[in-house]
Amino acid sequence: SAVISQKPSRDICQRGTSLTIQCQVDSQVTMMFWYRQQPGQSLTLIATANQGSEATYESGFVIDKFPISRPNLTFSTLTVSNMSPEDSSIYLCSVGRTGAGNTIYFGEGSWLTVV
Amino acid sequence: AQTVTQSQPEMSVQEAETVTLSCTYDTSESDYYLFWYKQPPSRQMILVIRQEAYKQQNATENRFSVNFQKAAKSFSLKISDSQLGDAAMYFCACRNNNAGNMLTFGGGTRLMVKP
Numbered sequence: 001s002a003v004i005s006q007k008p009s010r011d012i013c014q015r016g017t018s019l020t021i022q023c024q025v026d027s028q029v030t031m032m033f034w035y036r037q038q039p040g041q042s043l044t045l046i047a048t049a050n051q052g053s054e055a056t057y058e059s060g061f062v063i064d065k066f067p068i069s070r071p072n073l074t075f076s077t078l079t080v081s082n083m084s085p086e087d088s089s090i091y092l093c094s095v096g097r098t099g100a101g102n103t104i105y106f107g108e109g110s111w112l113t114v115v
Numbered sequence: 001a002q003t004v005t006q007s008q009p010e011m012s013v014q015e016a017e018t019v020t021l022s023c024t025y026d027t028s029e030s031d032y033y034l035f036w037y038k039q040p041p042s043r044q045m046i047l048v049i050r051q052e053a054y055k056q057q058n059a060t061e062n063r064f065s066v067n068f069q070k071a072a073k074s075f076s077l078k079i080s081d082s083q084l085g086d087a088a089m090y091f092c093a094c095r096n097n098n099a100g101n102m103l104t105f106g107g108g109t110r111l112m113v114k115p
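Chains as they are written, first to last, in my numbering: chain A, 1 to 115; chain B, 1 to 115.
Next comes chain B alone, as it looks inside the complex:
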């Protein structure tokens, strides 16, 4: 079994500033993927960024980057130059590659962006 924990129920950031969302996970598998999803009020789950566990290099997608610490089982998301449109629920998720495409989600972090 695997677990994903997001310790910050809510976070706030000033527009144009940088914010980091925390995520820790626990899995006994060696082959897994980690994801950050964004869920705006529209409810659509939008993939933000993906990290393969076997890759040491941290994934980056434009203003979004991760700090992947495999030994510590930590997978934080950094959002740079925050925009009003970044306001949403953010979910960290883990996929065990031996279990197909099933995801285990963290509890979510609500991000508010102040103008």
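So here's chain A without its partners, still in its complex pose:
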């Protein structure tokens, strides 16, 4: 299994501010994924973060709003910029293991509330 640590676990943010979420993995992975889970909803992919290249964003998500860094193979950050109450969500990072396990693991999630 993979150990994925996310920080912060939870935060209350002021409207108009930005917050950076960190995701640390216990081993090197090629791709890391960032998901958003709005209250009472399912998970939606924000972007795929590859080391050494720009993140690939899904429809409806833009780099200016959700800038992502991937400085090495074990770490990534997601910033939620200029927050509004609509950004109140759980943000989760995810990595995959190929091979016999072929499983996708998630961090504990970062629960942001924008007031």
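Keep in mind that a hint or two might mislead.
[Said to hold, decoys possible] Selected chain B positions facing chain A (Cβ under 8 Å, derived; list incomplete):
hint, residue
1, Arg43
2, Phe64
3, Phe91
4, Arg95
5, Gly100
6, Met102
7, Leu103
8, Gly106
9, Gly108
[Claimed, not checked] Non-contacting residues of chain B with respect to chain A, defined by C-beta distances greater than 12 Å in every case (computed):
hint, residue
10, Val4
11, Val13
12, Glu15
13, Thr18
14, Thr20
15, Glu29
16, Gln56
17, Asn58
18, Arg63
19, Ser65
20, Phe68
21, Lys73
22, Met89
23, Thr104
24, Arg110
Note that these hints are calculated values from the structure, not bench results.
These numbers come from a predicted model, not from an experiment.
Using N, Cα and C, we set each Cβ at its ideal position, and we do this for glycine too.
Model the placement of chain B on the given structure of chain A, informed by the hints.
For chain B alone, kept in the frame of chain A given last:
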């Protein structure tokens, strides 16, 4: 593109009884994986069970088993001998092996377990 549909927003089961959660999916790919994840109030996404599309045999993990009907694109989860700790949101997900480890999620089913 692929879609995953969970038609039951909520399900209820008596403790020690059996419950089946439904999931249908649509994908044009032939090489894919299907997953069931559990999300308790702690928000942690926990892998329950995994099925490789090329395997005809239904996956089983202790009290959890799936009924994988590839032609019908159906992937239901059966929980036997339900326990209070099984109460959670359950998400069905599909991963296209040609798209890395990105998951497409269904809308989720909230399972309640009655003592």
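Here is how each hint holds up against the structure:
no., hint, in the structure
1, Arg43, "holds (4 Å)"
2, Phe64, "violated (15 Å)"
3, Phe91, "holds (6 Å)"
4, Arg95, "holds (7 Å)"
5, Gly100, "holds (5 Å)"
6, Met102, "holds (6 Å)"
7, Leu103, "holds (6 Å)"
8, Gly106, "holds (6 Å)"
9, Gly108, "holds (5 Å)"
10, Val4, "violated (9 Å)"
11, Val13, "holds (21 Å)"
12, Glu15, "holds (25 Å)"
13, Thr18, "holds (25 Å)"
14, Thr20, "holds (20 Å)"
15, Glu29, "holds (15 Å)"
16, Gln56, "holds (17 Å)"
17, Asn58, "holds (17 Å)"
18, Arg63, "holds (19 Å)"
19, Ser65, "holds (18 Å)"
20, Phe68, "holds (16 Å)"
21, Lys73, "holds (18 Å)"
22, Met89, "violated (9 Å)"
23, Thr104, "violated (8 Å)"
24, Arg110, "violated (9 Å)"
The earlier numbered hints that this structure contradicts are 2, 10, 22, 23 and 24.
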